[in-house]
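Take 1011 as the starting number for the sequence shown in our numbering and just add one per residue.
Derived from the structure by calculation, the hints contain no laboratory data. Do not take every clue at face value.
[Claimed, not checked] Label-pair distances were calculated between CB atoms; the ranges are:
1) V1246 x L1369: 48 to 58 Å
2) K1251 x D1099: 29 to 39 Å
3) I1228 x E1023: 24 to 34 Å
4) A1296 x V1246: 20 to 30 Å
5) N1334 x D1099: 30 to 40 Å
6) D1099 x D1165: 41 to 51 Å
7) R1027 x M1343: 34 to 44 Å
8) S1180 x K1103: 36 to 46 Å
9) D1165 x K1103: 20 to 30 Å
10) H1298 x Q1367: 46 to 56 Å
Where is the CB? At the ideal position from N, CA and C, for every residue including glycine.
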Amino acid sequence: MMRDTPSMEGFKEELIRFRRHIHAHPELSFKEKETSQYICNILDEWKVEYSAGWAGFGIIATIQANVPTEDFIAIRADMDALPITEENDVPYKSKRNGVMHACGHDVHTTCLLGAIKIVLSQRQRLKRNVKFIFQPGEELLPGGASLMLKEGAIDPTKCREIYALHVFPSLETGKIGLRSGPYMASSDELYIEVQGKGGHGGMPHLTIDPILVASHIITGIQSIVSRRCDPTIPCVLTIGKINSEGGATNIIPTKVHLEGTFRTMDEKWRAEAHSLIVTYCESVAAAHGAEARVIIKKGYPTLVNDPDMVHKAEKAVARIVGTNNIEYLPIRMTSEDFAWFTQEIKGCFFRLGTGNQRLGITAGVHSSRFDVDEDCLIIGAQCLASICFEDQ
1011 MMRDTPSMEG FKEELIRFRR HIHAHPELSF KEKETSQYIC NILDEWKVEY SAGWAGFGII
1071 ATIQANVPTE DFIAIRADMD ALPITEENDV PYKSKRNGVM HACGHDVHTT CLLGAIKIVL
1131 SQRQRLKRNV KFIFQPGEEL LPGGASLMLK EGAIDPTKCR EIYALHVFPS LETGKIGLRS
1191 GPYMASSDEL YIEVQGKGGH GGMPHLTIDP ILVASHIITG IQSIVSRRCD PTIPCVLTIG
1251 KINSEGGATN IIPTKVHLEG TFRTMDEKWR AEAHSLIVTY CESVAAAHGA EARVIIKKGY
1311 PTLVNDPDMV HKAEKAVARI VGTNNIEYLP IRMTSEDFAW FTQEIKGCFF RLGTGNQRLG
1371 ITAGVHSSRF DVDEDCLIIG AQCLASICFE DQ
């Protein structure tokens, strides 16, 4: 895409500078004001057409094809950071205590900027319009992707295909990960309140113990996955938090609160499971004389990669990293709001290798020690740009 020349070295340094600035100035979901302005300043300098303010601080940059057309493809990067305090001792360490780019969105944004610069330099080859989406709020429901779609930022009837990459520290830098079909799970949040009757721990017969009820719910609810779900459907239910209103070792509390997540890759089963979870919790509570109130906050849908788009992406990235550096990935039970786009538009979400065991860059995402081998930046930018010219 771009040969390794002195100008190429300058481009690499520019991408590193972009990434380090964004990394050092992280902003939480839907609060990406400075990040958005930083990107707009770069686009202004490059004289790239764009619109801003989508879903708060989202940006859509457009590069028009040489031939008139209304159809376009889209490339997306998310911009938000996480509420984590960075522990890396690096010059570009987060300057904001308690906020960190621990999921690589600084890398995604930088790669998208790099792709824009490459496409600009080869615009005479471009036979279709390209929209570059800088998306806010991936880490927080309902997700910036769903809001941008609702606001009409992208017209699914005119967008032929959509792509995104994501950092993957378990892949060495220089490698790309792909998967066709269902790739990432839907994810829903569970909030369960068990209402009992509090009292003295030495007189349990005068109480309705919500901790006992909650314990039955925590263990028994797993039978919905193990006995009601088709075993060929990926599914996991996790209770990650339990909290009671008791204040001492000898007090049976009045209420217990449970929080967790439900993940699957089948939308029909997802809906059925929601109903079963509510019924089970209410029934177990009632059997003990208690009450259960269940709130299921529906999250991101299953992310499905279109086989044709995966094939296109594979051909495009192979020109950058070579076929021997492409790996085929298993499904993941984590979730991603890019799935909102792929529900409306044929797309491909692929992985950018960012690890380097030799340099000790191995920490996983959502970790206070997460970092990347910055050689990944030029690779990611070139892969995204290559997709823009694939099968025009």
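Quiz prompt | List of violated hint numbers, smallest to largest | solution = 1, 3, 8 and 9
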